[in-house]
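For reference, the chains in residue letters:
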Amino acid sequence: MAQEPMWLTFIVAFIIMNVLLVGMAYTTWYERKVLAAMQDRLGPTRSGPHGLLQPLADAVKLLGKEDLIPAGADRVLFFFAPLVVFVAALVSVAVIPFGGTVQIGGRAVNLYATDLNVGALFVLAIGSAGVYGIIVGAWASANRYSLLGGLRAAAQVISYELVLGLSLVGIFIITGSLSLREIMEQQQRSIEIGPLHISNWFILSQPLAFVLFLIAAVAETNRAPFDLPEAETELVSGFHTEYSAFRFSFYFLGEYINMLVVSLFASTLFLGGPSGPGSEKYWGLGLVWLFIKVAVFMFFYIWLRATLPRFRFDQLMGVAWKVLLPLALLNIVITAFIRLIANGQIF
Amino acid sequence: MPWDLIFFYIIGAISVLAALGMVASPNPIHSGILLVVCFLNVAGIFVMLGAEFLAIVQVIVYTGAILVLLLFVLMLVDPHELPSFYLAQPLQRGVGVLLGLILLLEIGAAIVTQTQFGPKGNATPANIAAMGGNVQALGSVLQTNYLLAFEVVSLVLITGIIGAIVLAVPERLGQRIGTLRSTISLGHPRGLDHPAALMAGPRNETPIVTKERKAPEPAAVRRLVMAKDPDDFTSV
Amino acid sequence: MGHLGVEHYLFLSAILFIIGLMGVLVRRNLLIIFMCVELMMTAVNISLVAFGTATDTLNGQAFVVFTVAVAAAEAAVGLGIILALSRRGKTVDVDDMHSLRD
Chain W
258 MAQEPMWLTF IVAFIIMNVL LVGMAYTTWY ERKVLAAMQD RLGPTRSGPH
308 GLLQPLADAV KLLGKEDLIP AGADRVLFFF APLVVFVAAL VSVAVIPFGG
358 TVQIGGRAVN LYATDLNVGA LFVLAIGSAG VYGIIVGAWA SANRYSLLGG
408 LRAAAQVISY ELVLGLSLVG IFIITGSLSL REIMEQQQRS IEIGPLHISN
458 WFILSQPLAF VLFLIAAVAE TNRAPFDLPE AETELVSGFH TEYSAFRFSF
508 YFLGEYINML VVSLFASTLF LGGPSGPGSE KYWGLGLVWL FIKVAVFMFF
558 YIWLRATLPR FRFDQLMGVA WKVLLPLALL NIVITAFIRL IANGQIF
Chain D
101 MPWDLIFFYI IGAISVLAAL GMVASPNPIH SGILLVVCFL NVAGIFVMLG
151 AEFLAIVQVI VYTGAILVLL LFVLMLVDPH ELPSFYLAQP LQRGVGVLLG
201 LILLLEIGAA IVTQTQFGPK GNATPANIAA MGGNVQALGS VLQTNYLLAF
251 EVVSLVLITG IIGAIVLAVP ERLGQRIGTL RSTISLGHPR GLDHPAALMA
301 GPRNETPIVT KERKAPEPAA VRRLVMAKDP DDFTSV
Chain V
120 MGHLGVEHYL FLSAILFIIG LMGVLVRRNL LIIFMCVELM MTAVNISLVA
170 FGTATDTLNG QAFVVFTVAV AAAEAAVGLG IILALSRRGK TVDVDDMHSL
220 RD
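Chains as they are written, first to last, in the working numbering: chain W, 258 to 604; chain D, 101 to 336; chain V, 120 to 221.
Read the hints as simulated data drawn from the structure, not as lab findings. You may find that some hints are simply not true.
Here are some of the chain V residues that sit facing chain D, going by a computed Cβ distance under 7 Å [what the hints assert, rightly or not]:
# : residue
1 : T172
2 : A194
3 : A203
If you only want the chain D side, here are some residues facing chain W, beta carbon under 8 Å, derived [as the list claims (entries may be wrong)]:
#  : residue
4  : I129
5  : I133
6  : V136
7  : E152
8  : V159
9  : I160
10 : T163
11 : G164
12 : L167
13 : L170
14 : L171
15 : M231
16 : G232
17 : G233
18 : V235
We put the CB at the ideal spot given by N, CA and C, even for glycine.
Hey, can you work out the whole structure from these sequences and the hints?
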């Protein structure tokens, strides 16, 4: 890791954060357009060409709405809970690498805010801390629907976080590192099968882990078909029933930034991050590849939402504990076994 | 003033204040959240000590554990009973605080006068960086020097899980799961359901409800909502 | 460790431990007492890591891995006991739990 001056890190972090926020705004536009296309509609068209200014209009609308606090609410917690979700979603992007070290204007610049030795676990830990925003906000609004949504979120996240963590252990066994930069760099190498040079993406060596990770990640971000905490047909709108205006927008921002972070995380872990044809020579091309990968993941999210009905709660728990968890453990055992054989330590 | 000292005092002060708030708060939910704040700051202290892996473990393990504790608070604590058993008897309270302060003085004296260190090891920051980092170094120590203890700890965990299941399952199979109170309370001592809150209205505005809500007759509700005994519907 | 002596961390650990201890003595809610026990364990972990770093060994951190595992097992069993107790006595007030005395 190249050392760089502090101000350069701040600039990189600032750019990453702003790209994330703008990207989140256009994720909502993307979602509405894709959903509309799947349902044979047009989606937003009025504000700007192809409705491109729609996120701006939404933001103005949300800011202009009346900010309500229920009479029985716990005011301090009601105020802080959405911020917890928002900040937790934003912080975890700090460890995600957008590329290696590049030369810009004769200066070595790291295309990541920081490279933690425990980066992958950091994302998981921040994710688990983010649930507090949901359950505390749910409790603080003194509403039975909110509380039920919060309890569902707690049970769901505790169960699926196990699967999420265990599905990554195979990758940690292969790379021998928890640092996301290291994991990304190990996938830049290519394996030669005959005349073909295939990138060593971990989706090839860990396909089962990839599927498990994807399912658990959708559940972690409370998206359909795992959106039981905010099931609008049963719970009004779940944990954010009592939230309106600016406070609601923090939950909203948090959810979409979480989706983006999970997509970035999955691209880094399983799809080689910014690796792709030409990315070794031009780092800008790597960013484009990463953007395409994230867009594919986001499309997958929206596709799920447009097509699948919601799980029942007992099904949700049953899938996590009886199907996904044993499969994740099996994946770990097989990976460890193959690693030992490859190292020549057994047989 | 060096930066690490400033950071240490900020993090340490927040963790101590959060711990004090945890002990002093009458509302168990607030206690739980303050405990999480305290533990996040302890994770910061671990990072300052160069134990990044432990910091992350602290966050992952304890946020999950305290989340479950908060759920227990929601399940088991009736908010209307809370103030009646907030603190212990006055005498007990005084003696407890006094004993704690005396012990603090003793430990402080011991730290100042009696701190001794064993022989220096070779896990200097430079050596740890050469091994690849804190995770790799800690992993190799755990898998060599402490391998037996590592295995024993996994046995302890398995025993703990089985014990928890044995304790939590109702004594007779077929008995209803859950407490007999069987409702999840919101935990707000002065929520909307409280007659006083209804009378005063929010921020002393005009009351929403001027009359107290008439309590439903329990027998009637039971006949209306559940035609049969609820135990007939649930089986384990 | 830079400018920070190990004493700083030991004092912080002692203060947190004492706060937890006072909580156990002062409060009557079983769940709060449980939180205080967790706080005491964490306080001990700080001093273990501090001693380990002061002597340039990883033994302290290895111990903390074990204490965290034991704390997790303790949390599981403790919550099971609390659930069983509250199911039997319908309360989480420690002063009401005296069926062994009577």
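Quiz prompt | Hint check against the structure, violated hint numbers in rising order | solution = Checked against the structure, the only hint that fails is number 15, while the rest are satisfied.
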